[in-house]
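A.B. asks: Read off the chains here:
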Amino acid sequence: MIVNPDDLSCKELVELVTDYAEDTMPVSVRTRFEMHLSYCKPCRTYLAQMCQTIRLAGRLSEKALPAGAKGALLAAFRGWHRGDGGQR
Amino acid sequence: MIAYKFMSAGAVAPFTRRPWQLPGPSGAGAWLDALDDRPEHGVHACRVRDLSFWLESELWRVELHDPLHEGQRQIIGSRGRLLERVSRWEEDGARSFAEACAWRARDRAVAALHREALDDEDALLAGCSSLSDLRSVSNGIAARSGGLPAALAGYLAETVDFLFDGDAACSAYISARSAVVAERGDEDAFGAEREAQSWMLAERLGLSP
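Protein chains in written order, with the numbering used here: chain F, 322 to 409; chain S, 26 to 234.
Take these hints with a grain of salt, some might be off.
Stated by the list, open to error - The calculated SDA-like cross-link candidates involving lysine to any residue, where the alpha carbons are at most 20 Å apart (straight line), are:
#1 F:Lys362 <-> S:Arg42
#2 F:Lys362 <-> F:Thr374
#3 F:Lys332 <-> S:Phe215
#4 F:Lys362 <-> F:Leu395
#5 F:Lys362 <-> F:Lys384
#6 F:Lys362 <-> S:Thr41
#7 F:Lys362 <-> F:Lys391
#8 F:Lys362 <-> S:Asp186
#9 F:Lys362 <-> S:Glu83
#10 F:Lys391 <-> S:Ala38
#11 F:Lys362 <-> S:Ala53
#12 F:Lys362 <-> S:Ala182
#13 F:Lys391 <-> F:Arg380
#14 F:Lys362 <-> S:Phe40
#15 F:Lys384 <-> F:Leu395
#16 F:Lys362 <-> S:Ala34
#17 F:Lys384 <-> F:Leu394
#18 F:Lys362 <-> S:Phe189
#19 F:Lys362 <-> F:Leu394
#20 F:Lys362 <-> S:Asp190
#21 F:Lys384 <-> S:Glu212
#22 F:Lys362 <-> S:Ser82
#23 F:Lys332 <-> S:Glu212
#24 F:Lys362 <-> S:Glu115
#25 F:Lys362 <-> S:Ser33
#26 F:Lys362 <-> S:Pro50
#27 F:Lys362 <-> S:Leu232
#28 F:Lys362 <-> S:Asp192
#29 F:Lys332 <-> F:Arg351
#30 F:Lys362 <-> S:Glu212
#31 F:Lys362 <-> S:Val37
#32 F:Lys362 <-> F:Leu337
#33 F:Lys362 <-> F:Arg380
Claimed, not checked - Some chain S residues judged to face chain F by a derived CB distance under 7 Å, without partners named:
#34 Phe40
#35 Pro64
#36 Glu65
#37 Phe189
#38 Ala194
#39 Tyr198
#40 Glu212
In short, the hints are calculated from the structure, not lab data. This one's a predicted model, so the numbers in the text were calculated from it and none came from an experiment. C-beta: ideal position from N, C-alpha, C; glycine also.
Isolated chain F (complex conformation) (with noise of 0.2 Å):
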């Protein structure tokens, strides 16, 4: 991959997502990260939905689970540790 300090590409973006939404990028790289948003639309909007989902995800607690949810979800977690992709 090339790693150019003025640019950034939309894959690197989407990796670094979740660093950048929660503040704990080096600047260097929050900067590339912002330079690619300034002519980036798509990358703003992705941005801007995954900060959406973070945002609504962190008012779930473990008590707003649908009865089975738990459950269901540590099946398709383990299953997935297993390599067969959480199939049941």
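With chain F's structure known, arrange chain S on it following the hints.
C.D. replies: Frame of chain F, contents of chain S only:
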């Protein structure tokens, strides 16, 4: 220090979404303080040579307060305030800037093709006198050629596509990326072209360095 800052509509910082207070009849707007001492949380603006990296809907001349931190393509201050809006940017400045960037990309592509003795494609692109013409010719070259001519023509066609869609920032970016292709993959050509775009913009808007 006097610097420049692109803003979202209404003098809102494009990333933090913090509103800056507008200048009043008696002078500059109120100081906006950094959120804390971390450089990423400081008040950001840029030098003239880096303007093209940060295009947005409004352009402002601003004052940054010490202590200053020199960042990548930006200056970071402990606080900043608005001095004056560069209204010429909003009065068709973005569109005409992107058009000029597209023609710079065309000229660079012509020079690159000439160096490789690719005279047919070189002449076709050099003969374009309108952006519609440039898009049409570029699409034709991209469809029937390979290698350098197709790559350069692809960038030129996209440059004009985004320009016609009203996205001057993306169009200018693609123009600058095409410089890397013209220079056979030299990534430094991108930053150099962005700086050249910035100087061109400053001249068009009458900005002082």
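A.B. asks: For every hint, state whether the structure bears it out.
C.D. replies: Quick rundown of the hints versus the structure:
1. F:Lys362 <-> S:Arg42: Between Lys362 (chain F) and Arg42 (chain S) the Cα gap is close to 16 Å, so the pair holds against 20 Å.
2. F:Lys362 <-> F:Thr374: 18 Å, holds
3. F:Lys332 <-> S:Phe215: This hinted pair holds, its Cα atoms lying about 19 Å apart.
4. F:Lys362 <-> F:Leu395: Violated. Lys362 (chain F) to Leu395 (chain F) sits at ~37 Å, over the 20 Å cutoff.
5. F:Lys362 <-> F:Lys384: Roughly 37 Å between the alpha carbons, so the hint for Lys362 (chain F) and Lys384 (chain F) is violated.
6. F:Lys362 <-> S:Thr41: With Cα atoms ~17 Å apart, Lys362 (chain F) and Thr41 (chain S) stay inside 20 Å; holds.
7. F:Lys362 <-> F:Lys391: Measuring from Cα to Cα gives roughly 37 Å; hence the hint is violated.
8. F:Lys362 <-> S:Asp186: Distance ~15 Å between Lys362 (chain F) and Asp186 (chain S) Cα, so the pair holds.
9. F:Lys362 <-> S:Glu83: 16 Å, holds
10. F:Lys391 <-> S:Ala38: 41 Å, violated
11. F:Lys362 <-> S:Ala53: 31 Å, violated
12. F:Lys362 <-> S:Ala182: Holds, at about 19 Å.
13. F:Lys391 <-> F:Arg380: Distance of about 17 Å is within 20 Å: holds.
14. F:Lys362 <-> S:Phe40: Holds - the C-alpha atoms of Phe40 (chain S) and Lys362 (chain F) are around 13 Å apart, at most 20 Å.
15. F:Lys384 <-> F:Leu395: 15 Å, holds
16. F:Lys362 <-> S:Ala34: Given pair Lys362 (chain F), Ala34 (chain S) holds - Cα atoms ~15 Å apart, limit 20 Å.
17. F:Lys384 <-> F:Leu394: 14 Å, holds
18. F:Lys362 <-> S:Phe189: 15 Å, holds
19. F:Lys362 <-> F:Leu394: Violated - the C-alpha atoms of Leu394 (chain F) and Lys362 (chain F) are around 34 Å apart, more than 20 Å.
20. F:Lys362 <-> S:Asp190: 12 Å, holds
21. F:Lys384 <-> S:Glu212: Outside the cut-off at roughly 52 Å; violated.
22. F:Lys362 <-> S:Ser82: Holds, at about 13 Å.
23. F:Lys332 <-> S:Glu212: Status holds; Cα separation ~18 Å.
24. F:Lys362 <-> S:Glu115: 19 Å, holds
25. F:Lys362 <-> S:Ser33: 13 Å, holds
26. F:Lys362 <-> S:Pro50: 35 Å, violated
27. F:Lys362 <-> S:Leu232: 27 Å, violated
28. F:Lys362 <-> S:Asp192: 9 Å, holds
29. F:Lys332 <-> F:Arg351: 15 Å, holds
30. F:Lys362 <-> S:Glu212: 23 Å, violated
31. F:Lys362 <-> S:Val37: Given pair Lys362 (chain F), Val37 (chain S) holds - Cα atoms ~17 Å apart, limit 20 Å.
32. F:Lys362 <-> F:Leu337: 17 Å, holds
33. F:Lys362 <-> F:Arg380: 28 Å, violated
34. Phe40: Phe40 (chain S) check passes; min Cβ-Cβ to chain F is 5 Å, inside 7 Å.
35. Pro64: Where the cut-off is 7 Å and the nearest Cβ of chain F is about 5 Å from Pro64 (chain S), the hint holds.
36. Glu65: Status holds, d = 4 Å.
37. Phe189: Constraint on Phe189 (chain S) not satisfied, violated at 15 Å.
38. Ala194: 4 Å, holds
39. Tyr198: 4 Å, holds
40. Glu212: 5 Å, holds
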